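Novice: Now for the letters of each chain:
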Amino acid sequence: MKIESIDGRVETESSRVSARIRWEDSAREPLDLYFEARGEAARDVRPDGNSLLLACAIPAMRHGERRIAIEGTVCPYLRDGILAAASLLEAWYGPRTVPQIEPSAGFGPPRPAPVRRAAAFLSGGMDSLDVFVRNGSSFPAGHPARFAEAIHVSGLPYTGPPGSPSRESFVARARRAATALARVLDVPLSFVRTNLGEIDRDFLFFRHEYFGSAYAAVAHLFSRRFTSVSFASAQHLGVRLDPLGSHPLLDPLYSSGALEFRHEGADRGRLAKGKALAPRPDLVAHLQVCLTTPFGDARPNCGRCEKCLHTQIELRLAGVSGPFPEGALSVPSLRAMRADPHTAFFWTPLPDRLRQSGDGDLADAIEEKIREMDRIRDWSRDRGWKGLLRRLDRRYLGSALLDLRRALRPARERPA
Amino acid sequence: MKIGEIRKEVASGHARIAADVAWEDCARTPREIFFETEESLAEALVPSAEAFLAGCVVPAFRHGERRVRVEGAVCPELREGIRGALTVLAGWYGNGRRPVAIEAAAGFRPPPRRAPPRTAALLSGGLDSLFTLRMNLLEIPRDHPSAIRDGIVILGHDFGLPDSQPLELERFGQRTRSLSALAAACGIELVPMRFNLRDLDDDLDFYIGEQFGAALAAAGHALTGRISALTIPSSHDLGHLIPCGSHALLDPNYASGALAIRHDGASRTRFEKLAVVAAWPEALRRLAPCNRRPPHRDRINCGACEKCLRTATGLLALGRLAGAETFRESDVSPEALRTIGWVPGFEGYWAELVPALRAAGRNDLAEIIAEKVREALRFRDWREENDGKGLVKRFDRRYLGGSVASVLRRIRRAGSA
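If you read the sequences in order, they're chains A and B.
Read in order, the letters of the first sequence correspond to residues 1 to 416 in the numbering used here.
Read in order, the letters of the second sequence correspond to residues 1 to 417 in the numbering used here.
Treat the hints as calculated values from the structure; they're not laboratory data.
Hints are all accurate, no fakes.
Distance condition first, Cα-Cα at most 27 Å in a straight line; then the derived DSS-like pairs of lysine-lysine:
#	chain 1	residue 1	chain 2	residue 2
1	B	LYS389	B	LYS372
2	B	LYS393	B	LYS372
3	B	LYS307	B	LYS372
4	B	LYS393	A	LYS386
5	B	LYS389	A	LYS386
6	A	LYS275	A	LYS307
Restraint-style ranges between C-beta atoms, simulated for each label pair:
#	chain 1	residue 1	chain 2	residue 2	range
7	A	ALA113	B	SER333	51 to 57 Å
8	B	ARG412	A	ARG395	24 to 30 Å
9	B	ALA360	A	LEU392	37 to 43 Å
10	B	ARG412	A	PRO95	41 to 47 Å
11	A	SER380	B	TYR399	17 to 23 Å
12	A	SER14	B	ARG383	56 to 62 Å
13	A	ARG66	B	SER406	55 to 61 Å
14	A	ALA113	B	LYS393	54 to 60 Å
Computed from a prediction, not measured in an experiment: that's the story for all the values here.
Beta carbons are placed, not taken as given, at the ideal position from N, Cα and C, and that holds for glycine.
One chain only, chain A, in its complex shape:
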């Protein structure tokens, strides 16, 4: 892979960084990558080799690139961090190509901004809002760890080409929410718009391997202004620490000599976050958690997707309601929800708490859904008695049982 034609343009309230990404070992189309920043922090945005490297390194690994040649210098801490991230991803998902990192001007650490200054991403969702609220209550104004500013990113994950209804609906809703939340939090907000999501449009790849480094790439654009940028955790240390593209082990690896990329909020789960937000209905009123897109009207959340549903329950258990359509949370909605085993950990703490609060019907529906998630997971991991049989067959019978079953299956059931 080559990262070349790196360019930057700075104006009073906006700036733009661009580069051309060319694949060398995989037959993928080149990408004219851009980041456009607006807002108070935009004037400090500069082209940054570390940022562009982070934008490309994990996709380059996925697609078997043997090297990443990049114009300029790269921080040796970041190079080592990317190597360590590769080790982790290999331990989680199996072997992959680890590209050589070849900066044209060698390795050298960037200098940090002279004054320690912290910022965080504000997506409009519950995790990032919780991080801001916790930060504000933990650190007095002037403390170097207090978030002085917020950053909102449009274009991650990939939700469609520019101008498409799916993209525009998603971007507009998230942006409205972040703007309103920043106003209430009284924190200056800068916006970054990027086409980075196009480097690999596969959402599962984004979720499982990539999104921490994608956001870190944006953070490093601001390394002249901030010494740390925090990213809200979707994990819960000690309860759920699954392989995921943003992880308390991965994200800090995306730091450099100038900027610390912090993974925050993993010490608490969603119920605790709901409870922490409950005293702030002025903030909760602007939450936007929904990933459904396109979405026909101006409401921030559909109320019926998996994320909307568990968030409504988390808030309800904390005694507060969010910006969700009236009646969206119901037993039929829960039954209609797609069961995704990767999100089971959001659901498992809920039934007991719902029963305690007298919502037994919802609890029953959720338990049914959790069983469905377990069945899917067991199937995908060869668990259960069928899984055991499949493994025994594979290991000791050379898949003879599977062959027999296929042979006995009626012709009409066989794939064409």
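The hints should help you fit chain B onto chain A, whose structure is shown.
Specialist: Just chain B now, with coordinates in the frame of chain A:
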């Protein structure tokens, strides 16, 4: 737990900060906990509430203290970080541990960070710390804030007996002299320190498994008159992580407004680190990975423990064992490898030596290690019931109510009767 009477004393060649630590919810002996350095470094030592909090909170958590109340003010960044660190430890070790409330008599506010910034690194003379120093010297410009300017060597952190044994003191003196010479050659300064944090709980497994990252961070907080950042060399690489008191998930949590903490070197495997250190003659002649306690009377590395043998075998594969003055043997015997006590979880460290040994023409050693690695993995599969027998056992338990196991037991009993 209460931490009070935080004080600083300078006398008879030493500077020390100390505090009285009393347990509230468990019947353990109150202690005076101290951090000490040479009198010439007195300015470096700060009577920091953060030092005592970081040093004491993990034992407090282990022994069920409901709170740690510290005299003075505490940085909220450390309070928040401790919350995260204890969550990690609870996830690893569980056992119904309850959260510890952090209380600061004078409230929560950040201590001032030293300016200009100055970075220190732990420098024990072991492989990890020498690697961290070497890479920093090679890659970070000397005027960069992350450039290591101080190496901290600590008596009391050694994974063995508490520090009072005369042989330990003698060894520490030797090590300090040797590392002083290395520091001078590198243009950094050596900061010798001593602490007694292990007096709070002298269980070595606990110190290694839970506490030592916090203890090292505590030493850094004690030195915030001199440093603004502490680099802790990683003990394990990210591809072979195991729960450990110093860990990428733990160490950065012990930072404060006055002290940044970096867990360094986790991107490189042990053998990769060894290759870097082996190519640095100044370090190779001082390499001291041995943790055997009590230390060998007349050798820096005992040469016989698992860690010594692993390091010596790696050096042999790199063709550098003969040049390593701290190892007396110039070869590793097959017999020593065959009889070595295997440490569970370290298979990966041995496995990475196999191709290097083969490339060096030492198939005799490579075969022994490869077989031991296979044996260890077979044992792990058996223990975790991932092998064929395990599959049958799980099937039996889950679907046959354990009847196959029960029949087998009866047959065995009948056979032995």
